[in-house]
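J.: Residue strings, one per chain:
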Amino acid sequence: GESVGLHLPTLSVQEGDNSIINCAYSNSASDYFIWYKQESGKGPQFIIDIRSNMDKRQGQRVTVLLNKTVKHLSLQIAATQPGDSAVYFCAERAAGNKLTFGGGTRVLVKP
Amino acid sequence: DSGVTQTPKHLITATGQRVTLRCSPRSGDLSVYWYQQSLDQGLQFLIQYYNGEERAKGNILERFSAQQFPDLHSELNLSSLELGDSALYFCASSATATNEKLFFGSGTQLSVL
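Line order of the protein sequences matches chains Y and W.
Numbered as in our numbering, the first sequence ends at 111 without a single skipped number.
Numbered as in our numbering, the second sequence ends at 113 without a single skipped number.
Pairwise CB distance ranges, derived in the manner of DEER restraints:
(1) W:L83 <-> Y:E39: 22 to 30 Å
(2) W:T13 <-> Y:G41: 18 to 26 Å
(3) W:R22 <-> Y:E39: 18 to 26 Å
(4) Y:M54 <-> W:S27: 26 to 34 Å
(5) Y:N18 <-> W:I12: 41 to 49 Å
(6) W:H73 <-> Y:K110: 36 to 44 Å
(7) Y:K68 <-> W:S79: 41 to 49 Å
(8) W:E54 <-> Y:G59: 29 to 37 Å
(9) Y:Q14 <-> W:S79: 48 to 56 Å
Since the hints were made in silico from the structure, they are not lab data.
Where a beta carbon is used, it is the ideal one built from N, C-alpha and C, also for glycine.
Let's have the full structure, built from the sequences with the hints guiding it.
T.: Written out as structure tokens, the structure is:
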């Protein structure tokens with residue numbers, strides 16, 4: 001079946017450094033990708049999205065990169081802050097317009 | 001605050017029982033989605049409604065059902081509950097039917113004892 005990064009690795013980052021969170025997707029027909037942040041006890045919070053006709057999109061302190069050749073998505077967070085500590089999920093939209101979520105990456109920001 | 005409201009926040013019940021989870025979407029959003037989140041399965045799509053009509057189905061059990069009312073709020077009904085149904089249930093909403101920019105509520109934590 002569809003799979004998007006079904007692991008929950010942990011990324012430890014020093015406060016102030018840049019973070020890069022990676023996501024592998026499996027469906028080459030996916031046309032839309034989205035990143036969410038989930039803090040403990042809360043629902044997923046929309047961060048940024050990107051369509052498959054783009055390879056880069058920037059938001060406030062975040063950049064999403066899409067490499068369709070190797071089916072890879074990444075989220076870059078600039079100047080990581082303690083409030084960035086959370087689990088980050090990528091999701092892809094493939095056939096049938098359904099979003100499939102990956103297993104998430106936990107980001108721990110060290111002071 | 002995403003603008004999506006879910007009630008109740010916590011629900012504790014026994015096996016075999018039936019519960020109803022409620023969701024109010026963001027103002028203006030026509031689509032409502034239900035997701036289940038458990039530690040071993042991640043975020044699993046259950047069902048989507050758009051403007052009152054069922055739009056898409058995911059891994060929703062036959063014991064579960066949902067509906068979207070004319071005022072666009074939605075309810076997820078879980079019946080004949082089993083221990084394995086214990087999970088976080090999220091509702092999300094979006095403006096369109098095409099699964100873009102979903103905004104999630106804070107979830108209902110269901111514990112089946």
